[in-house]
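Hints given; two lone chains; assemble the complex.
Residue numbers (my numbering), protein chains in the order written: chain S, 32 to 145; chain V, 19 to 129.
Honestly, the hints are just simulated from the structure, not real lab data. Where hints are given, some of them may not hold.
From the derived model, a few chain S residues whose C-beta atoms are all more than 10 Å from chain V [unchecked claim]: (1) Asp55; (2) Asp87; (3) Arg100.
Taking lysine-lysine pairs in the BS3-like style, the calculated list, with each CA pair at most 30 Å apart, reads [claimed, not checked]: (4) V:Lys121 <-> S:Lys46; (5) S:Lys42 <-> S:Lys88; (6) V:Lys44 <-> V:Lys121; (7) V:Lys44 <-> V:Lys88; (8) S:Lys88 <-> S:Lys46; (9) S:Lys42 <-> V:Lys121; (10) S:Lys88 <-> V:Lys121; (11) S:Lys42 <-> V:Lys88; (12) V:Lys44 <-> V:Lys74; (13) V:Lys74 <-> S:Lys88.
Owing to the predicted nature of the structure, the values given are computational and were not obtained by experimental measurement. Quick reminder that beta carbons are idealized off the backbone N, C-alpha and C, glycines included.
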Amino acid sequence: GAGVSQSPSNKVTEKGKDVELRCDPISGHTALYWYRQSLGQGLEFLIYFQGNSAPDKSGLPSDRFSAERTGGSVSTLTIQRTQQEDSAVYLCASSQAGGIDTQYFGPGTRLTVL
Amino acid sequence: SQQGEEDPQALSIQEGENATMNCSYKTSINNLQWYRQNSGRGLVHLILIRSNEREKHSGRLRVTLDTSKKSSSLLITASRAADTASYFCATAVQGYSTLTFGKGTMLLVSP
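Extracted from the complex, chain V is given alone in its bound form (with noise of 0.2 Å):
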């Protein structure tokens, strides 16, 4: 399976500090995209980095691709309550239907 894998399964911060979340996964891809979603309804894109890409930023979002150890990692800077909700990584490989989601890190940001 080229499953992505999060890790960690939880996270605890405080408002301020940084999160850092990692994906894992096994087979070559075309892209990884992160998702989040709040209190258990429908995600949300964050971004999408290409295989051919290192490093992508989006506001107070970093994310980067190894490709040789197949994992990425979302950098959420300077978190606020807000940013308290579940991220998923989702790969996408040529030909295949459909992104593969893994089971997601719970981020919780206290004030």
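Chain S with its partners taken away, still in its complex shape (with noise of 0.2 Å):
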């Protein structure tokens, strides 16, 4: 079956511009997740959604950063007023039940902020 998808697969944006990056979860699959990761580093936990459940927002490094799941499928992660330091690769990744369950990953939208 099709796997996790985002879009775009780059995005180039200047600062001060706002961004949403799209995320296509596995079917079926009633968790969501947003991953942040610069170059050269490990993954950075950004938002968690779980099925009807408030999502965890946790790791959301600034009030510029939101995130919707819409009909517990799609999701759209937004970034307001983007910064430099936003440039990274944004990962999205499913999974059939969340928590200690294994994550199937998307191929990642790389933003650049100029």
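Here's what the structure looks like:
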């Protein structure tokens, strides 16, 4: 079946502009995660959605970052007033049950803020 | 923090050699997972080992888990140039909402 997809694959924007990144999880997966990975670094957890529960937003670095998950499926990560330090690869993952379960990753969106 | 930490940070070997990467963590876990990442894009799940398991195999991969030492190792036997990638361990703790990933080991396999 189809894996996790993300769009766009690359995004170049100017400092101060807003950007929206999209994630389509594997059908039937109740859990969805967003991570950020700066060059040569590990994964930084951003936000976690599980079913209809309130999302775990504990990893969002500032109030410029927000995310939604509509209908328990597609998710959008929005970064407002982008800064150069927001440049990174943004990875989305989904899992069947969340928590300790295996995660399946999308190819990521490489964001460059000029 | 229960974050896993991989060791070494980088490893360079020749094709045909074995590669061993280690992961240490701090708290009791439910399972530990290894992932591979090529060229800074999406991670691919390789293998999961549960806390009551000591060793697991998958093709050329062998994973061990020592819960008394809170450590795991990933062995790739007879490495190939295509194994060049970053390898991450991730720890899973019951009740936590997500896995916690380490910073990864960069493996370079030269032909």
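Check whether the Cα positions of Lys42 (chain S) and Lys88 (chain V) lie no farther apart than 30 Å. violated, 40 Å
With the threshold set at 30 Å, check whether the alpha-carbon distance from Lys88 (chain S) to Lys121 (chain V) stays at or below it. holds, 21 Å
Hint consistency between Lys42 (chain S) and Lys88 (chain S) [alpha-carbon to alpha-carbon, up to 30 Å]: holds, 23 Å
Given pair status - Lys46 (chain S), Lys121 (chain V), alpha carbons within 30 Å: Measuring from Cα to Cα gives roughly 28 Å; hence the hint holds.
Straight-line Cα separation of Lys44 (chain V) and Lys74 (chain V) no greater than 30 Å? holds, 21 Å
Please verify that the nearest CB of chain V lies beyond 10 Å from Asp87 (chain S)'s CB. About 5 Å separates Asp87 (chain S) from the closest Cβ of chain V, which leaves it inside 10 Å; violated.
Examine each Cβ of chain V, and state whether all of them lie more than 10 Å from the Cβ of Arg100 (chain S). It holds; Arg100 (chain S) is separated from chain V by about 14 Å at its closest Cβ, greater than 10 Å.
Hint consistency between Lys42 (chain S) and Lys121 (chain V) [alpha-carbon to alpha-carbon, up to 30 Å]: holds, 24 Å
Given the hint that Lys74 (chain V) pairs with Lys88 (chain S), does the C-alpha gap stay at or below 30 Å? violated, 34 Å
Looking at Asp55 (chain S) again, its CB stays over 10 Å from all of chain V? Holds, since 13 Å exceeds 10 Å.
Are the Cα atoms of Lys44 (chain V) and Lys121 (chain V) separated by 30 Å or less? Given pair Lys44 (chain V), Lys121 (chain V) holds - Cα atoms ~15 Å apart, limit 30 Å.
30 Å Cα cutoff - pair Lys44 (chain V), Lys88 (chain V): holds, 7 Å
Taken one by one, the earlier hints fail for this structure at numbers 2, 11 and 13, listed in ascending order.
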